[in-house]
Amino acid sequence: GNSVTQMQGQVTLSEEEFLFINCTYSTTGYPTLFWYVQYPGEGPQLLLKVTTANNKGSSRGFEATYDKGTTSFHLQKASVQESDSAVYYCVLGDRNNRIFFGDGTQLVVKP
Amino acid sequence: DPKIIQKPKYLVAVTGSEKILICEQYLGHNAMYWYRQSAKKPLEFMFSYSYQKLMDNQTASSRFQPQSSKKNHLDLQITALKPDDSATYFCASSHDGGARAEQFFGPGTRLTVL
Chain C
7 GNSVTQMQGQ
17 VTLSEEEFLF
27 INCTYSTTGY
37 PTLFWYVQYP
47 GEGPQLLLKV
57 TTANNKGSSR
67 GFEATYDKGT
77 TSFHLQKASV
87 QESDSAVYYC
97 VLGDRNNRIF
107 FGDGTQLVVK
117 P
Chain D
513 DPKIIQKPKY
523 LVAVTGSEKI
533 LICEQYLGHN
543 AMYWYRQSAK
553 KPLEFMFSYS
563 YQKLMDNQTA
573 SSRFQPQSSK
583 KNHLDLQITA
593 LKPDDSATYF
603 CASSHDGGAR
613 AEQFFGPGTR
623 LTVL
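First to last, the sequence lines map onto chains C and D. Quick note: the first sequence uses this note's numbering, first residue 7, plus one each step. Quick note: the second sequence uses this note's numbering, first residue 513, plus one each step.
Just so you know, the hints here were simulated from the structure itself, not pulled from any lab data. Any given hint could turn out to be false.
Partial selection, computed: residues in chain C whose CB lies under 8 Å from chain D [said to hold, decoys possible]: (1) Glu22; (2) Glu48; (3) Gln51; (4) Tyr95; (5) Arg104; (6) Ile105; (7) Phe107; (8) Asp109; (9) Gly110.
Negatives, chain D to chain C, calculated, CB over 10 Å [claimed, not checked]: (10) Tyr522; (11) Val526; (12) Ile534; (13) Thr571; (14) Ser574; (15) Arg575; (16) Asn584; (17) Ala604; (18) Gln615; (19) Leu626.
Fair warning: this is a prediction, and the values are worked out from it, not measured in the lab. Just so you know, even glycine gets a beta-carbon here, dropped at the ideal spot from N, CA and C.
Taking the hints into account, I'd like the entire structure generated from these sequences.
In structure tokens:
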């Protein structure tokens, strides 16, 4: 079946450190992959999406590469800021138009 | 102006009662969704509607019933409320019901069942 796995429940960094959030997925065919971000007290919002395998998406300094070979879609940012503190969800849209959210990763950035 | 309105923002109910959560979107979208987020738990997909028709239901309980009176409305009726139903319920919409579409989320309704 379809699934999205985010291994880290929480990531704690200091400002200007490198961010890496792991995401792997399982599905058949060629899904669309997303990262959504949820700030405290708000609904999630789209951070970036990639529809084509082996392409990279980027937004606001964040980037993720849709790697069909390793079925991964890891999120990275070279230098985080305190304002990046939020929950990050890796999301899969499959070929049957179903949407699957990962469990989310809480990012805490200390000043 | 808010593009997705959810009412009320906060709701307190007693066990066994029934409540309706309201969602309206003014983005001209054709697909709408409901999600639930319990305290310290991840977001959980519940329903998706496209052109006012149910597309996907990943909610086990029949106590949760979406209601779509207009294309830009998707309310959520919850009957026989239980304390475990306490959560924030998010409504979302997208241009179409395709899995490639960006979803826009409302601010949520926080439900507490006593």
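To see whether the hints hold, each was checked on the structure:
no., hint, verdict
1, Glu22, "violated, 28 Å"
2, Glu48, "holds, 7 Å"
3, Gln51, "holds, 7 Å"
4, Tyr95, "holds, 6 Å"
5, Arg104, "holds, 6 Å"
6, Ile105, "holds, 6 Å"
7, Phe107, "holds, 5 Å"
8, Asp109, "holds, 4 Å"
9, Gly110, "holds, 5 Å"
10, Tyr522, "holds, 12 Å"
11, Val526, "holds, 26 Å"
12, Ile534, "holds, 15 Å"
13, Thr571, "holds, 14 Å"
14, Ser574, "holds, 20 Å"
15, Arg575, "holds, 22 Å"
16, Asn584, "holds, 17 Å"
17, Ala604, "violated, 7 Å"
18, Gln615, "violated, 7 Å"
19, Leu626, "holds, 22 Å"
Going down the numbered hints, you'll see the structure goes against 1, 17 and 18, while the others check out.
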